[in-house]
Structure formats: structure tokens, C-alpha cells
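Number of protein chains: 2
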Amino acid sequence: MADRYANFANSGLGRTVVKRLGLPDPPRLRRYRPGDPVADGPVLLGAAPGGRLAEPAGKLLESIGVQVVATAAEGARHAALVFDATGIVDSTQLRALFDFFHPYARSLNVSGRVIVLGTPPEATASAKEATAQRSLEGLTRSIGKEFGRGVTSQLVYVAPGGEQSVESTLRFLLSGRSAYVSGQVIRVGAGAAPAPADWAKPLDGKLALVTGAARGIGAAIAAVLARDGAEVIALDVPGAGDALADVANKARGRALQLDLTAADAPERLAGYLAAGPHAGIDIVVHNAGITRDKTIARMDESRWDSVIGVNLTAPERVNDLLLERGLIKPGGRIVGVASIAGIAGNRGQTNYATSKAGVIGLVQSTAPLLAGKDITINAVAPGFIETAMTAKMPLGLREAGRRLNSMSQGGLPIDVAETIAWYASPGSATISGTVVRVCGQSLLGA
Amino acid sequence: MADRYANFANSGLGRTVVKRLGLPDPPRLRRYRPGDPVADGPVLLGAAPGGRLAEPAGKLLESIGVQVVATAAEGARHAALVFDATGIVDSTQLRALFDFFHPYARSLNVSGRVIVLGTPPEATASAKEATAQRSLEGLTRSIGKEFGRGVTSQLVYVAPGGEQSVESTLRFLLSGRSAYVSGQVIRVGAGAAPAPADWAKPLDGKLALVTGAARGIGAAIAAVLARDGAEVIALDVPGAGDALADVANKARGRALQLDLTAADAPERLAGYLAAGPHAGIDIVVHNAGITRDKTIARMDESRWDSVIGVNLTAPERVNDLLLERGLIKPGGRIVGVASIAGIAGNRGQTNYATSKAGVIGLVQSTAPLLAGKDITINAVAPGFIETAMTAKMPLGLREAGRRLNSMSQGGLPIDVAETIAWYASPGSATISGTVVRVCGQSLLGA
Numbered sequence: 001m002a003d004r005y006a007n008f009a010n011s012g013l014g015r016t017v018v019k020r021l022g023l024p025d026p027p028r029l030r031r032y033r034p035g036d037p038v039a040d041g042p043v044l045l046g047a048a049p050g051g052r053l054a055e056p057a058g059k060l061l062e063s064i065g066v067q068v069v070a071t072a073a074e075g076a077r078h079a080a081l082v083f084d085a086t087g088i089v090d091s092t093q094l095r096a097l098f099d100f101f102h103p104y105a106r107s108l109n110v111s112g113r114v115i116v117l118g119t120p121p122e123a124t125a126s127a128k129e130a131t132a133q134r135s136l137e138g139l140t141r142s143i144g145k146e147f148g149r150g151v152t153s154q155l156v157y158v159a160p161g162g163e164q165s166v167e168s169t170l171r172f173l174l175s176g177r178s179a180y181v182s183g184q185v186i187r188v189g190a191g192a193a194p195a196p197a198d199w200a201k202p203l204d205g206k207l208a209l210v211t212g213a214a215r216g217i218g219a220a221i222a223a224v225l226a227r228d229g230a231e232v233i234a235l236d237v238p239g240a241g242d243a244l245a246d247v248a249n250k251a252r253g254r255a256l257q258l259d260l261t262a263a264d265a266p267e268r269l270a271g272y273l274a275a276g277p278h279a280g281i282d283i284v285v286h287n288a289g290i291t292r293d294k295t296i297a298r299m300d301e302s303r304w305d306s307v308i309g310v311n312l313t314a315p316e317r318v319n320d321l322l323l324e325r326g327l328i329k330p331g332g333r334i335v336g337v338a339s340i341a342g343i344a345g346n347r348g349q350t351n352y353a354t355s356k357a358g359v360i361g362l363v364q365s366t367a368p369l370l371a372g373k374d375i376t377i378n379a380v381a382p383g384f385i386e387t388a389m390t391a392k393m394p395l396g397l398r399e400a401g402r403r404l405n406s407m408s409q410g411g412l413p414i415d416v417a418e419t420i421a422w423y424a425s426p427g428s429a430t431i432s433g434t435v436v437r438v439c440g441q442s443l444l445g446a
Numbered sequence: 001m002a003d004r005y006a007n008f009a010n011s012g013l014g015r016t017v018v019k020r021l022g023l024p025d026p027p028r029l030r031r032y033r034p035g036d037p038v039a040d041g042p043v044l045l046g047a048a049p050g051g052r053l054a055e056p057a058g059k060l061l062e063s064i065g066v067q068v069v070a071t072a073a074e075g076a077r078h079a080a081l082v083f084d085a086t087g088i089v090d091s092t093q094l095r096a097l098f099d100f101f102h103p104y105a106r107s108l109n110v111s112g113r114v115i116v117l118g119t120p121p122e123a124t125a126s127a128k129e130a131t132a133q134r135s136l137e138g139l140t141r142s143i144g145k146e147f148g149r150g151v152t153s154q155l156v157y158v159a160p161g162g163e164q165s166v167e168s169t170l171r172f173l174l175s176g177r178s179a180y181v182s183g184q185v186i187r188v189g190a191g192a193a194p195a196p197a198d199w200a201k202p203l204d205g206k207l208a209l210v211t212g213a214a215r216g217i218g219a220a221i222a223a224v225l226a227r228d229g230a231e232v233i234a235l236d237v238p239g240a241g242d243a244l245a246d247v248a249n250k251a252r253g254r255a256l257q258l259d260l261t262a263a264d265a266p267e268r269l270a271g272y273l274a275a276g277p278h279a280g281i282d283i284v285v286h287n288a289g290i291t292r293d294k295t296i297a298r299m300d301e302s303r304w305d306s307v308i309g310v311n312l313t314a315p316e317r318v319n320d321l322l323l324e325r326g327l328i329k330p331g332g333r334i335v336g337v338a339s340i341a342g343i344a345g346n347r348g349q350t351n352y353a354t355s356k357a358g359v360i361g362l363v364q365s366t367a368p369l370l371a372g373k374d375i376t377i378n379a380v381a382p383g384f385i386e387t388a389m390t391a392k393m394p395l396g397l398r399e400a401g402r403r404l405n406s407m408s409q410g411g412l413p414i415d416v417a418e419t420i421a422w423y424a425s426p427g428s429a430t431i432s433g434t435v436v437r438v439c440g441q442s443l444l445g446a
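Top line first, the protein sequences correspond to chains G and S. Numbering-wise (full-length UniProt numbering), the first sequence opens with residue 1 and increments by one. Numbering-wise (full-length UniProt numbering), the second sequence opens with residue 1 and increments by one.
One thing to keep in mind: the hints can contain errors.
Computed footprint of chain S on chain G; a stretch qualifies when at least three of its residues, placed anywhere within it, have a C-beta under 8 Å from a C-beta of chain S [said to hold, decoys possible]:
(1) 131 to 144
(2) 335 to 345
(3) 395 to 405
Here are some chain S residues the structure puts well away from chain G; computed CB gaps all over 10 Å [stated by the list, open to error]:
(4) 50
(5) 74
(6) 254
Bear in mind the hints are in silico, worked out from the structure with no lab data behind them. Glycine included, C-beta positions come from ideal geometry on N, C-alpha and C.
Using the sequences and the hints, build the whole thing.
Laid out in C-alpha cells, this is it:
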């Protein structure tokens, strides 16, 4: 691939596009391996005066072995720049962002991290504060496009009362687990989130169901949840046979063959879960999904129906029955898999984009109903992820999808899986109703 | 420009990108001229069973001279496909969208219109209905990318109780006024919106203030508001001199020279408006804005401060004082100008993107405070608009900005102005707190 990309990057227009869009040679991204420290170097922590998060965040980071510094000498290198912007209550105070990022912008390691902590605009005390807090999004998204070299940049809105619940999110964002997550706005809600006994195995004792688990992203999800301590039920259609058994074996879990679009599938799944030793389920990942691309003018009805059925209606029906039967346990997690196509739309994918926009709707509309039940529901929205499916794309398309993001490369299935594992963590109990893209800050958006 | 674009479009990667992204030769967009009919041909109106909008929308369209048809013969051409999707209450019923759009997808004229009417997900009766309604966004955005030929595609969420308030929006979206608006989600709130006495002059009797009016987009806004009947005060900095006077003269309005970042500027403006024959103002358009691009590592503090000051703090201060003094009249309209950079972020524009994300925050946080005062506040977010500023961009960048959208071309200042005029209309009284992009459905997004 590299030569074709290089040709484009060195063509007349290509050179300018590459320069403007900040597309350097793709860096090798730092990804998490068990035993890695949370941060691979010192974290520079700054704050606007009056912020409520710098102190708890600093204490937290130090307690988990991160070297936190408040100022740095010329030439010092950092694993992350973390800025508490919650003290900014009007637009004139946004200057504190410049004062922090300007001198240190070049101090980040490859795959460094920028994290700006803010207050959700809707939870502020005044329109002026809400405006200033909303501004932060422009900064963090621009930094993500500007810094390059595998640096990620996020805005984390922490609701008042959520100060003690940021650990799972800071661990995720600082570590190599979030290698391909950038330009995101993440919301941590108020309330307490329990800390897992062992952050290396945060899902110990949890039972997780992963649909579409036989290959690609689903297989990676099963592996990562198992790595993090969960017992995994790997579900796929009958016919996925050996591949599914292989995934289940590697995860030391169980394989379950079931076509979720069958009329009796939710009932059969509920029966299976109710009869198991766990008598219910902790984590449900609705990963199963299909594409049947055609323009709507050329599409036949079966392409429409099957895509909506598998990607949207099946997860709805499963959720409904499992929730109705009380089979999703307290502390439960439901995670949907949306898509950048569900956000931005895509030519030839009216059916797929409709279904994936629906997954976002499912998450947003169900979260409030689960708020009192200690169950969260969230979604990931993958961008260009290297799978057998994308390997079959025409070369030019594939290269465009790979390069038109702040990482200048496609993501890996494990990147999606890590994001789902972060949602699944006990420490993410106050995160619900959110959609986080795993897209390397793709240029494509709504 | 055309030859360079053509070179790219015919290169190896370019061919594929162009095909995939639906970038045909740029069509000539239909733009509004006084006297034009709302629609330039028959409008095909469909509905899912049980919808609440097809009937009032159909009656409305017929009452204003639009030929509305419910079915069409093979080969019939349409100016618009309008579909009432409010009857869709779960994902299995999304099939109605396919049934409507599949047979008629190729029946649209150049610059045809697709409008899907839905219920805001948060105003639905169930999570299932919310999910299905949220799905509509994936459909309309995909259609916008798929249909090409200058066709625009929008999703209009009409709150229950807003059925009689869609006229200004349907007129805007069907007409050439919305030539460069596509892929948008527009929200019409509940309640009644007054109809102007004359839809050709909806702003008759209104006094409008336009900042940054001396050139480019600001000059177009002044001209369009005047065309629609408003008396215009064209404001710009001292030194804009002749250009400003020219704009004011053409609009048969007044010129006002004032540096809005001066400490006493809001006070002086308030005094000017209070002393005028109108004793207040109806429409305030905060168009004045500057760019001072540099990466944050290379930026000096004056570039940060001046951009935040002009683009964000000045509009805040003006709003505050005019509202405090009661100088924005009942029926008033405040319109901000954000930017696609404020949504997506941009390399070299941390300052600009922060300020423009702030404009979005300003609109979202102020709207609820004005809800009881019969004043709306909204924003436009321009994408690539052909101005003296963009003409100075390097060629490759300019071409990329021009082409990477569903219209395959840049927008014109008048496209931004028309969108502002739609917000300003008495008929848009129930639209507040919204941001509509004028970007030809740019691929760039958050």
C-alpha cells in the first residue's frame, strides 16, 4: 500500500492535502501489552485557577505510579499533557489553555496524550461558563489534527460529583489501550464508580456475551474481555463453526451458535443465560453486523431488511427480553457497535447507515431507562479498521480510508475491543448513553 | 481551477476517491431569485402510516402553489421527495423509507430536494420510537452523498405541536435559498410561528444589525436581509470606510463604524440602538470574525487573544448588554456565525476553532434563557465559502475544500446569508438553539 499512498502524497494536490490535513508518515502507535505502565513517561498536569479536577486527578495518577509534574524544563519530554479547564468560567479565561499548551506543544512523545478536563456545558452555573466549556471542543479537536505523531487528544467532561469516578477513563486514555481513539468528547457522569480489585483484571468474575464473535472485531473483543478477566460467551451464526470454536477456545470461554434474527432467538438466548451457572449476564456486546452495499436506487428489499434486521432490530429484541427477564445483572454493561457511517452517512450504505444511526439512537434512548438499574449502555463507532472486510475494498478506497485521519493509518480490531473493555469496566459505572468513535480522528463526520 | 481538479479526479487514487465520495463534475446549483416559485416542479409527498405531518405539509404546499403528487409514473421528474416518517415507531417500520425512496431515487431534477420529516427522538413515546427516529439521520446523510447533481437532503425533526410551524423551513429547504445546505438535521420546536404578511418580504418592518458587514459574507447578509424587507445597519470597524458605505448604500441602510472589541463598544452600540427611531433592534447577526492561523506551538498570545476576543467575547458582551437593556425586541433574532472548524477542529486553528466552538456553546446555552422572551438564537456554520479570504488559500488546499463535499464545489456568501434570513423570518419563531451547517455536506466533521 505504501507506494500508492506515497505517490498520492507526493502529487501536486496530494502534497498540499497531506500537509494541510496533517498526514505525516504513519507512526507506529503505542498499544497496550499486559504489564505496561499507565503512562510511558511523566505527565504534565496543569489547571486554570479554581478547577476542581486537577487535585483529585493528580492524586489519583500519583497513586497509580504515574510521575506527575507541574512545570517542565526546556527540552523535557512528556507522555501526556493533562489540563483541568473546569476553572474557566468565561471566554476571556480561555487564555489559560494557550498559556499551558503553547510552551509544551512539542514536548510530547510519539503516541503522547492530550486530555482536557471540563465541565459538561449543561451542568454549568451560567451561559458564559457553558459557552467557555463548549469552546474546549474546538481546541482539543484542533490539537488532535495538529500534533500528529500518533498523539491523541480528548475532551473529558466530568459532571460535578463525578470527580472520584475518572480513574477508568484516565487509565484508558493515558494508556496504549486508546491508541486509535482521538478527537473525542467523553462524558463521565456524577456518582461513584467502584474500583475493580485488580486494574489488570478489571472484569474478573464477569460473564460477557459477544455477538458476531467468530472473526474480525468480534474475535478481538472476545480476546480482550477474556484478557481483562471476563468469562466469555462467543456467539455467532450456525456455520461460523470452527472459527467460533477457535475464538472461544482462545478466550477459554464458551461458543454459542445462534442466528439472532430468528424469531425465537431472544427467547433461546435468555433461556441459555438463565440456565447457566451465572443465571444472567454482566456484559452484552452487540457486535454482530453486516453490510449489503448498494445505492438505494439499485438496492433490493432483502438488502434493506437484512441489514436493519441484523444490525438494529436484533439488538433491540435481545435487550428487551434480557432486561424484561432481569437477566442483565446489577453492574451490567450493554455496548453497541455503531459506525462512522452511522454518523456521517455513506454513499451506497443507506441501509447500513440507517441501522448504525439507529444503534446510536438505541443507546441514547435506553440509557435514561437504565439509569436507576445500575446498568449502562454505550456504543463505539469504528472508523476504518483493518479487517478481512476492509482488505477486500478496492485499493484506492482502502488507502483513502486508512490515511484520512489524524493517525494516517487504519485502526486494528483490538482498538475497538479496548474501547469496549473500558466501557465494561466497573470503573465506568457513571458513563452511559455515550458514543465514542474509534477512528483515529477520521476527517469524515457529520 | 477546473483543470487541476480534473487531474486529481483522473489520477489513480483520485478516480476512486471521486467515485466513492460521489464527486461528479460540479453541477450548477439552483439559487433563489426573487419571483421564483418555491419548488421548480412537482413534489412527491409520501408517508409512513400514521404520520402526523404529511397532511398539514401537503395542504401547506398546495396552498402556496406547489404541485403535490402522491405517486408517479415511470420517468416522471420531481423537484423534491418529501417523506413524513413520523409514523415510524420501531425499527421494523423503517422499511417504509426504502419503499418510498427506492423507486423514486432517480426521479429528482438537478438541485432536487430530499426532505424527511421526523419526530425529535427526545420527544417520542418510547425508546423504540426514539431509536427509529434517530435512524433517519443515517438515511438522509447517506442520500445526500449518494444522489449528487446538486440534490440536497435534510432531516427535519418537528416537535409534537409544531406541525403548523414548518412553513418557513419547507419554503427555505425546497427553494434555491438552501442551495448549499445539505446533510443537516433541523429542529422545529412546538408552538405557533406567525406567518409574515408577504413571504417575498418576510422581514418587512424589521431592523437588522449585521457585524463585519463591509465585505464577503457580511456584505451578502446585509444585501439578503434588505432584499427580504429589513432595514439594515451595516457595522464594521473604522477603516472599513468606503466598502462599508457601499454595502449600506446598496442595502439602502445605515453604516455604523465601531470596533466591537473596544471596552465601551457594547455601551456605544446600545446607545445608538436605543436612540434610533426603532428604539431597539429585531435581528442581530454576529458575523464579524477573524482568523490568525498558526499551530499552537508557533502562535503568539496576541493571535490567541484577538481571535477569541473578536469571534466570541465580543458577541457575548453585545448580547449581554442588549438583552439586559431590553433592546432586542419581542420576535427578536440573534444569529451567530460558527464554522466547520468549530465543529471538526482544524490544524493551525486552535484559536479560531475554540472561538467558533464557543459560538455553538453560546447559542446552545443562551437559547433556553430566551425561550420565554420570544427571542431566538441560532448559528450557521459555514464550510468552504468562496470569498476573498479563501481565494488567497494555496491552490491545492482551496481545491480540496471546494470539492470534498456533496456539491463538489464551494458555497457562495449568499448561501450563508439565505440561511441567516431563514432564521430571521417571523416563521422561524420556534427554531432556537440550533446550528445549521452551510457546507454542501462537507465530508469534514466531528
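Item to check | Index of numbered hints that the structure contradicts, given in increasing order | outcome: The structure conflicts with no hint, since it agrees with every one listed earlier.
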